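Participant: Could you build the full structure based on these sequences and the hints that come with them?
There are 2 protein chains.
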Amino acid sequence: MTSQVNPLAPATASAPPTFHVYDTTLRDGAQQEGMNLSVADKLAIAPLLDELGVGFIEGGWPGAIPKDTDFFSRAASELTLKNAVLAAFGATRKAGVRAADDQQVRALLASQAPVITLVAKSDIRHAERALRTTGAENLAMITDTVAFLVAEGRRVVLDAEHFFDGYRFDPAYSRAAVEAAFAAGAEVVALCDTNGGMLPELVGEIVTELRDVVGIPDGLHAQPGDPLLGMHAHNDSGCAVANSLAAVAAGAAHVQGTVNGYGERTGNADLITVVANLELKQGRSLLVDGGLQETTRIAHAISEITNISPYARQPYVGASAFAHKAGLHASAIKVDPDLYQHIEPTLVGNDMRMLISDMAGRASIELKGREMGFDLTDQGDVLSRVTNRVKDDEARGYTYEAADASFDLLLREEIAGERPQYFRVESWRTIVERAGGRGTEATAEATVKLHAGGKRIVKTGEGNGPVNALDHALRLALRRVYPEIEAFELIDFKVRILDTEQGTDAITRVLIETTDGARSWSTVGVGPNLIEAAWEALTDSAIYGLVHAGVSAR
Amino acid sequence: MTSQVNPLAPATASAPPTFHVYDTTLRDGAQQEGMNLSVADKLAIAPLLDELGVGFIEGGWPGAIPKDTDFFSRAASELTLKNAVLAAFGATRKAGVRAADDQQVRALLASQAPVITLVAKSDIRHAERALRTTGAENLAMITDTVAFLVAEGRRVVLDAEHFFDGYRFDPAYSRAAVEAAFAAGAEVVALCDTNGGMLPELVGEIVTELRDVVGIPDGLHAQPGDPLLGMHAHNDSGCAVANSLAAVAAGAAHVQGTVNGYGERTGNADLITVVANLELKQGRSLLVDGGLQETTRIAHAISEITNISPYARQPYVGASAFAHKAGLHASAIKVDPDLYQHIEPTLVGNDMRMLISDMAGRASIELKGREMGFDLTDQGDVLSRVTNRVKDDEARGYTYEAADASFDLLLREEIAGERPQYFRVESWRTIVERAGGRGTEATAEATVKLHAGGKRIVKTGEGNGPVNALDHALRLALRRVYPEIEAFELIDFKVRILDTEQGTDAITRVLIETTDGARSWSTVGVGPNLIEAAWEALTDSAIYGLVHAGVSAR
Chain A
1 MTSQVNPLAP
11 ATASAPPTFH
21 VYDTTLRDGA
31 QQEGMNLSVA
41 DKLAIAPLLD
51 ELGVGFIEGG
61 WPGAIPKDTD
71 FFSRAASELT
81 LKNAVLAAFG
91 ATRKAGVRAA
101 DDQQVRALLA
111 SQAPVITLVA
121 KSDIRHAERA
131 LRTTGAENLA
141 MITDTVAFLV
151 AEGRRVVLDA
161 EHFFDGYRFD
171 PAYSRAAVEA
181 AFAAGAEVVA
191 LCDTNGGMLP
201 ELVGEIVTEL
211 RDVVGIPDGL
221 HAQPGDPLLG
231 MHAHNDSGCA
241 VANSLAAVAA
251 GAAHVQGTVN
261 GYGERTGNAD
271 LITVVANLEL
281 KQGRSLLVDG
291 GLQETTRIAH
301 AISEITNISP
311 YARQPYVGAS
321 AFAHKAGLHA
331 SAIKVDPDLY
341 QHIEPTLVGN
351 DMRMLISDMA
361 GRASIELKGR
371 EMGFDLTDQG
381 DVLSRVTNRV
391 KDDEARGYTY
401 EAADASFDLL
411 LREEIAGERP
421 QYFRVESWRT
431 IVERAGGRGT
441 EATAEATVKL
451 HAGGKRIVKT
461 GEGNGPVNAL
471 DHALRLALRR
481 VYPEIEAFEL
491 IDFKVRILDT
501 EQGTDAITRV
511 LIETTDGARS
521 WSTVGVGPNL
531 IEAAWEALTD
541 SAIYGLVHAG
551 VSAR
Chain B
1 MTSQVNPLAP
11 ATASAPPTFH
21 VYDTTLRDGA
31 QQEGMNLSVA
41 DKLAIAPLLD
51 ELGVGFIEGG
61 WPGAIPKDTD
71 FFSRAASELT
81 LKNAVLAAFG
91 ATRKAGVRAA
101 DDQQVRALLA
111 SQAPVITLVA
121 KSDIRHAERA
131 LRTTGAENLA
141 MITDTVAFLV
151 AEGRRVVLDA
161 EHFFDGYRFD
171 PAYSRAAVEA
181 AFAAGAEVVA
191 LCDTNGGMLP
201 ELVGEIVTEL
211 RDVVGIPDGL
221 HAQPGDPLLG
231 MHAHNDSGCA
241 VANSLAAVAA
251 GAAHVQGTVN
261 GYGERTGNAD
271 LITVVANLEL
281 KQGRSLLVDG
291 GLQETTRIAH
301 AISEITNISP
311 YARQPYVGAS
321 AFAHKAGLHA
331 SAIKVDPDLY
341 QHIEPTLVGN
351 DMRMLISDMA
361 GRASIELKGR
371 EMGFDLTDQG
381 DVLSRVTNRV
391 KDDEARGYTY
401 EAADASFDLL
411 LREEIAGERP
421 QYFRVESWRT
431 IVERAGGRGT
441 EATAEATVKL
451 HAGGKRIVKT
461 GEGNGPVNAL
471 DHALRLALRR
481 VYPEIEAFEL
491 IDFKVRILDT
501 EQGTDAITRV
511 LIETTDGARS
521 WSTVGVGPNL
531 IEAAWEALTD
541 SAIYGLVHAG
551 VSAR
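Protein chains in written order, with full-length UniProt numbering: chain A, 1 to 554; chain B, 1 to 554.
Be aware that one or more of the hints could be misleading.
Same chains, same label: a pair holds when it works inside one copy or across any pair of copies.
Calculated cross-link-like contacts (lysine-lysine; reagent style DSSO-like; alpha-carbon spacing at most 30 Å) [said to hold, decoys possible]: (1) Lys368 to Lys94; (2) Lys494 to Lys391; (3) Lys494 to Lys67; (4) Lys459 to Lys449; (5) Lys391 to Lys94; (6) Lys67 to Lys94; (7) Lys82 to Lys281; (8) Lys368 to Lys67; (9) Lys82 to Lys368; (10) Lys67 to Lys82.
For the record, the hints were derived by calculation from the structure and aren't laboratory data. Keep in mind the model is a prediction, meaning the values are calculated, not measured.
Facilitator: Next up, the structure:
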């Protein structure tokens, strides 16, 4: 039954929460290609997850991974968590060894984590072919390890690996694995779609059937002490979020995922997307009060630490998630933002943005101007000029959508009649030279001649390429008159050759992103070649930076 | 009912296909932040979509967007599609105007597209507040416009905008919009989750209910002439793919989406993911024979043209989609790859990476070599060297996938021990200079010094940019000794800055395409700046051209 609003019965002060938001960013998420988290990184991310209000933070595999042993050891003294508890991840005991004698299991205990999550085979083929043991011994491994850890006072979660594939092959065996874990005292059995190939409808059917046969109450009405089913989805079919929702609808009360959907291959279920859907569309209350409003900030803060570029089109928290382009909508959005957005962006701490492009009309440009601090309400003339200028420029290759700072300067130019004048360029030149044969290095230098602060300045910069050299030369030329420029740093640089059918006779567009450490801005340049386009973007960047640093022309 | 294998009844020769794979990459996809497709780009992408085997290619909004009017006009003479038909997108007539008198509607006809897709309000609030007309007039707009275009001999698809939100608010009105469209002769009504906020379970319920009440047969058994329901999903809840699958399970027979999930905000449903799920997990046959195996190649080729960095974690076609990180799985994968992958990656033309990958790598390289005329069957040494070289080069930024001619030269180099030697470069240099202030033109020249045909040659070329000038200088330098070079023309030139987080310190990759009038070839160059990268691509292009023109070194 689909419920649009279906609040949980309020938890009593002594009852544990009946829905687990379980974060594995630091363990499964860390298996993403290109991610390499240090202990310090993990210790920085954990408080952010805690701030979000997840219930569990799976920190890693102590014992098996030395960095993770360190993490748990340092977490004991350095981490103070308000909302979450730490979970240590590991595996069931080896075949033929007692749990108490298994080094890996003992290391999980030694981590001091109050929760221990064990991955166990729940697909008979994996028990037999990957572990090379019998189905019966595998069940004993589950029973023994869970019982041992429970007796040691830990809360235990059992991750039933390859559960869905295993269930489709031999449902009785997979069910036996689940039952063994609960019988031994596991608090949760999380069903893992380890290969990520499941589709939502079948996930729902299997979870429903499992609950019926094993006798697990619907998570929605779970009492303290009741066994709970969980879901651990991967995105190989593009359905990780939907699979998680399907499991919850079928009675799961524990969802595992990662922030920003980090993870191996196509990633784990994006935990924020799952939680936002459950809170905003199904009225569940899962994070701490006000936690959802922090998701955009926290998702971005975490991506700063992981150094993985944020994905602009990520649901809810992505930079583009509420960015509207088409003229089709812009006039209507002014009147009625709710008609065009599935939720109010501030609920997840995000913003509505209007993109400027040749599809934009006066309405989007007015809105955008307002966003940037310009009130163009009764300035019909300026609006018309700006709208036409944008269309013309875009037809010539400019793109203001990705270059807010250039658009800002365009507005100032149309309003005030001229661009802010900090310096006057006399000339510039770049030379790139490879003085030797194949395999020798090329050198690049640039010379800039300009007037600023009443002086004529000639400077030469070097770099690994003509644009890099030009950037250095421009800074060298401006820094004595405008020392503020030393704080600006070029952090991103994109080149696009437009209308490529003309070969090297095409137009080149350059986008650059600059930061002053606190905020960043983007500028665009267009020209018959890369150097001219880059020069335009570089000078606009300097001018914008100085304007916004409140600097007057000297 | 969940079916694992559920083949469609085979279509008879005269019956139209009963499932529509409808691609809107060039229209809705183009609304993605950062995308700016030229007419040439669209004309390059359309044949790739056709090769994939989609049934419909929505090309844009002729009349409303000048570039799109051009696209349809040029498509008429320049595009030959084998599998798909072109669709022109537009809107229903304006309120209070006859369809035949509406400029925008006439422009759709003028585009000559055999299919016209009209977006219409199907949410009463939008009709009243956004269009500021009455519900009745909006229905008349649908009826009139559809009937008019059908009478003019076009196939009509009606995109019911904001359908699901509208249905939840006033189901009778939204239903009336759907019925009006079918009654007027629309072939398909595509239900649009325009705000992207729907979840799969409710999508399925609504589509099922709509079919029952309106009397639309299950798409699985649709006969020619039966009304078809379609789905157009956006990814704001992270469920676009799942929503599309839910609609199909509930009886829709037409799915709209974009390659690489391009689109506004969080994007449209990723059409390849949807189709791969339907083909591989539900036994449907939707693309042309062998189409699915081309999806990885085509998805990447399209991202080269859009110049939007591919998303590594994209399901099925992403670079990381089948990349297994060492540890938990690696040893098992060696034995039993199927235990750890939800599908065999080659089914979608992708590769498993990180295993005894020599086998997989070597196999594809051997095949590729054979494709190019090199028999490497018993040349294990060469194969190993080439495989390792390709891996190393690609790690440094090369991409041989889009540069067959560079790969050809690599093979020759590994087989023969050296690249073909037509000339020896002594040095080169480029100078770009703007001798005046803002608004004056820059000049670019390049000087090349090389040895060919026993002579030392020094030539200076000019151009509109440093690469253009280098290209001219190289030709000038070679043409006396190798007059064949006069026939080569540079027709395409792409630049990508890799690892852009390093600003102008990143690596630059250049791809160029050259033609001799009969055939064309692509080469790649990589370097710390554009000029060096371009030089490598330019010289490789000349060498390859001369090799294949049968020219001996002079």
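Participant: When no copy is named, should Lys494 and Lys67 be tagged within, between, both, or neither for a Cα gap of at most 30 Å?
Facilitator: The answer is both: 21 Å in one copy and 24 Å across copies each meet 30 Å.
Participant: For Lys368 vs Lys67, is the C-alpha pair at or below 30 Å within one copy, between two copies, both, or neither?
Facilitator: between (38 Å within a copy, 24 Å between copies)
Participant: Within a copy, between copies, both or neither: which one fits Lys391 and Lys94 at a CA-CA cutoff of 30 Å?
Facilitator: between (57 Å within a copy, 24 Å between copies)
Participant: How do Lys459 and Lys449 come out at 30 Å by Cα distance, when the copy is not named: within, between, both, or neither?
Facilitator: both (7 Å within a copy, 29 Å between copies)
Participant: Between copies, within a copy, both or neither: which fits Lys82 and Lys281 at Cα up to 30 Å?
Facilitator: Within one copy only: 27 Å inside a chain, 44 Å across chains, cut-off 30 Å.
Participant: At most 30 Å between CA atoms: does that hold for Lys82 and Lys368 within a copy, between copies, both, or neither?
Facilitator: For Lys82 and Lys368, only the intra-copy Cα distance (26 Å) is at most 30 Å; the inter-copy one is 43 Å.
Participant: With identical chains treated as interchangeable, where does the CA-CA distance between Lys494 and Lys391 reach 30 Å or less: within a copy, between copies, both, or neither?
Facilitator: both (22 Å within a copy, 25 Å between copies)
Participant: Could you place Lys368 and Lys94 in one of the four classes (within, between, both, neither) given a Cα distance threshold of 30 Å?
Facilitator: between (55 Å within a copy, 27 Å between copies)
Participant: If the cut is 30 Å between Cα atoms, do Lys67 and Lys82 qualify within a copy, between copies, both or neither?
Facilitator: within (24 Å within a copy, 56 Å between copies)
Participant: Quick one: Lys67 to Lys94, C-alpha cut-off 30 Å, is that within a copy, between copies, both, or neither?
Facilitator: This pair counts as within: shortest intra-copy Cα distance 22 Å, inter-copy 65 Å.
Violated hints for the displayed structure: none, as all numbered hints are satisfied.
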